[in-house]
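Engineer: I would like the entire structure built from these sequences, with the hints used as guidance.
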Amino acid sequence: MKTYDTIPERGDFGYQTLVAPQNVTGAAMHNLRGYFGLHITKGMPFGVVRDDEGHMYAVVRALNEPGSTPNPTRFIYQSSRIDGENIRMDKPRMAAQAMTTFPDRALEGDTAIWSSLEGEAGNPWQITASGERMTWKEEGLFDLSGPLIGKGMQWYLPGRDWGTFYVSQLYDLSGTCEGRPVKGVIALDQAYMAEGGAIHFKKDLVVNHQMHVIWWTFATIYKDGTWDSGSFMVGHDKLGYAIFQNEKGEVRTTTDIEGSVVHKPGSYFVDTARIVLEGQETWEYLPDPRGEMRDFVGGFPITAQQEGRWRRVGDTREPDRWMAWGESDRRNGTARNVRGADL
2 MKTYDTIPER GDFGYQTLVA PQNVTGAAMH NLRGYFGLHI TKGMPFGVVR DDEGHMYAVV
62 RALNEPGSTP NPTRFIYQSS RIDGENIRMD KPRMAAQAMT TFPDRALEGD TAIWSSLEGE
122 AGNPWQITAS GERMTWKEEG LFDLSGPLIG KGMQWYLPGR DWGTFYVSQL YDLSGTCEGR
182 PVKGVIALDQ AYMAEGGAIH FKKDLVVNHQ MHVIWWTFAT IYKDGTWDSG SFMVGHDKLG
242 YAIFQNEKGE VRTTTDIEGS VVHKPGSYFV DTARIVLEGQ ETWEYLPDPR GEMRDFVGGF
302 PITAQQEGRW RRVGDTREPD RWMAWGESDR RNGTARNVRG ADL
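Take the sequence shown: its letters are residues 2 to 344, numbered as in our numbering.
Source of the hints: derived by calculation from the structure; they are not laboratory data. In this text, a Cβ means the ideal position worked out from N, Cα and C, and glycines have one as well. Among the clues, some could well be false.
Stated by the list, open to error - Calculated cross-link-like contacts (lysine-lysine; reagent style DSBU-like; alpha-carbon spacing at most 35 Å):
#, residue 1, residue 2
1, Lys-203, Lys-239
2, Lys-224, Lys-265
3, Lys-3, Lys-239
4, Lys-138, Lys-249
5, Lys-152, Lys-3
6, Lys-265, Lys-184
7, Lys-265, Lys-239
8, Lys-249, Lys-184
9, Lys-92, Lys-184
10, Lys-152, Lys-184
11, Lys-224, Lys-152
12, Lys-138, Lys-239
13, Lys-138, Lys-203
As the list claims (entries may be wrong) - Ranges of calculated distance between the beta carbons of each label pair, as one might list FRET restraints:
#, residue 1, residue 2, range
14, Leu-118, Glu-196, 23 to 29 Å
15, Asn-32, Ala-97, 17 to 23 Å
16, Lys-265, Gly-55, 27 to 33 Å
17, Gly-12, Ala-96, 44 to 50 Å
18, Met-100, Asp-316, 19 to 25 Å
19, Glu-109, Glu-196, 40 to 46 Å
20, Gly-300, Gly-68, 25 to 31 Å
21, Arg-106, Asp-257, 34 to 40 Å
22, Met-100, Glu-196, 22 to 28 Å
23, Glu-109, Gly-300, 34 to 40 Å
24, Thr-177, Leu-108, 25 to 31 Å
25, Ser-146, Gly-250, 20 to 26 Å
26, Thr-317, Met-100, 42 to 48 Å
27, Arg-313, Leu-118, 41 to 47 Å
Structural biologist: Next up, the structure:
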């Protein structure tokens with residue numbers, strides 16, 4: 002049973018999270034209805050694809066929904082080819098694409114569609130998503146498509162004044178990027194927040210209160226055809242959830258999760274990290290040697306973003322393609338209720 006050292010006020014549940022799978026449909030992704038008194042703010046397609054030489058291309062675009070409060074993100078394109086040492090923003094290629102604030106949106110059958118505006122400056126783009134497939138085309142830059150991985154994921158965090166309802170779906174995408182064949186994993190997340198809220202920016206119950214220690218979304222597809230995917234968070238008070246899936250159709254959730262992270266000396270980035278589910282199942286983070294997204298530091302989001310791979314300790318399967326884009330913040334701490342400090 003949970004124990005309480007301090008008693009919260011009415012309407013405050015101590016950052017306890019509700020987590021479950023969800024059925025993915027284009028109609029649901031397109032729908033502007035709210036949930037739990039919260040409003041849809043934006044879609045967030047993001048992820049990493051790799052080419053045959055192992056170079057990474059990390060992309061994210063804001064799909065701001067009508068009436069929402071945008072955060073500073075519009076379109077970000079990063080590559081390990083910039084300096085060969087880390088994932089860096091490719092600013093000339095970013096500048097060539099349309100920086101759409103509120104995209105055109107449509108629903109065709111069960112496929113949700115977001116796209117740049119007609120006549121807008123910059124190269125046009127289009128993203129489509131359904132319960133079966135996702136496509137993402139940035140004219141002159143990349144063209145990706147592929148199937149849904151497993152089921153969707155969702156978690157709800159109530160707050161006394163603010164709250165967050167967060168929905169995620171993962172896709173196994175391949176195609177071309179900068180003219181090179183690539184493959185990897187792209188997530189399409191959607192955030193519902195209090196009126197005027199924006200993820201990582203305003204009225205964000207987790208980030209604005211410096212509550213999270215580890216927050217990751219991941220998927221690994223192995224060479225033998227098996228796969229793991231999931232999303233999890235570990236933070237202070239009673240903040241924490243995990244939802245894990247595999248190719249067997251097993252979907253598991255828990256809020257009994259602990260974790261710890263060690264940051265590199267003098268750095269915001271992770272050296273090692275582990276999570277433990279229900280006191281007995283341990284997973285470890287393998288940072289990609291070139292996976293630090295250096296250009297986020299000092300900008301937005303305020304937390305250090307990083308790519309690598311998550312695996313269950315002792316798992317020896319060989320990965321074929323994967324994505325583990327997540328974040329930690331040494332200022333927030335290194336484990337539950339172990340607060341940190343800035344550099």
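Engineer: Let me make sure I understand: some of the numbered hints might not hold for this structure. Which ones are they, in numerical order?
Structural biologist: 12, 15, 16, 18 and 19
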